[in-house]
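Using the sequences plus the hints, can you model the full thing?
Quick note, the sequence shown lines up with residues 54 to 127 if you use the numbering used here.
FYI, nobody ran anything at the bench for these hints, they're computed from the structure.
Using N, Cα and C, we set each Cβ at its ideal position, and we do this for glycine too.
Take the hints with a grain of salt, since some may be wrong.
Claimed, not checked - Cβ-Cβ distance ranges computed for the label pairs, FRET-style:
| no. | residue 1 | residue 2 | range |
| --- | --- | --- | --- |
| 1 | D127 | A99 | 42 to 48 angstroms |
| 2 | Q85 | A126 | 38 to 44 angstroms |
| 3 | A56 | A114 | 18 to 24 angstroms |
| 4 | L109 | E64 | 16 to 22 angstroms |
| 5 | A74 | R125 | 23 to 29 angstroms |
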Amino acid sequence: MAALSRDDLIERKEAVRAEIAQTRRELARARQAEAGAPERDRRKHARRVEELEARLEILMAEEHGLRLKIDRAD
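See the structure below:
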């Protein structure tokens with residue numbers, strides 16, 4: 054696979070940032086749902102919160118890596 058150009062890296066970083074923002078909104082909604090859920094449904098909501106937190110970590114790590122690559126591309 055060919056290395057991405059600086060412009061491509063920047064474009065991907067912006068896409069990742071948008072995904073981070075969307076995931077944060079989803080996570081906030083999931084946490085509210087978990088807090089307001091009856092006891093029998095909390096485990097399902099807690100799993101969703103954990104999934105979103107893991108996704109957010111992955112996206113943030115990708116964004117960090119992209120920032121480093123962009124800096125090196127200068």
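Outcome of range test on Cβ distance (Q85, A126; 38 to 44 angstroms) | Given a distance of about 40 angstroms, which is inside 38 to 44 angstroms, the answer is holds.
Hint says 16 to 22 angstroms; check whether the CB-CB distance for L109 and E64 agrees.
-> 21 angstroms, holds
Honestly, do D127 and A99 meet the 42 to 48 angstroms range at C-beta?
-> Once the Cβ atoms are compared, 43 angstroms apart, the range 42 to 48 angstroms for A99 and D127 holds.
Do A56 and A114 keep their Cβ atoms within the hinted range of 18 to 24 angstroms?
-> With a Cβ separation near 19 angstroms, A56 and A114 satisfy 18 to 24 angstroms, so the hint holds.
How does the Cβ-Cβ distance of A74 and R125 compare with 23 to 29 angstroms: does it lie in that range?
-> For R125 against A74, whose Cβ atoms are near 25 angstroms apart, the range 23 to 29 angstroms holds.
Of the hints listed earlier, there is not a single one the structure fails to meet.
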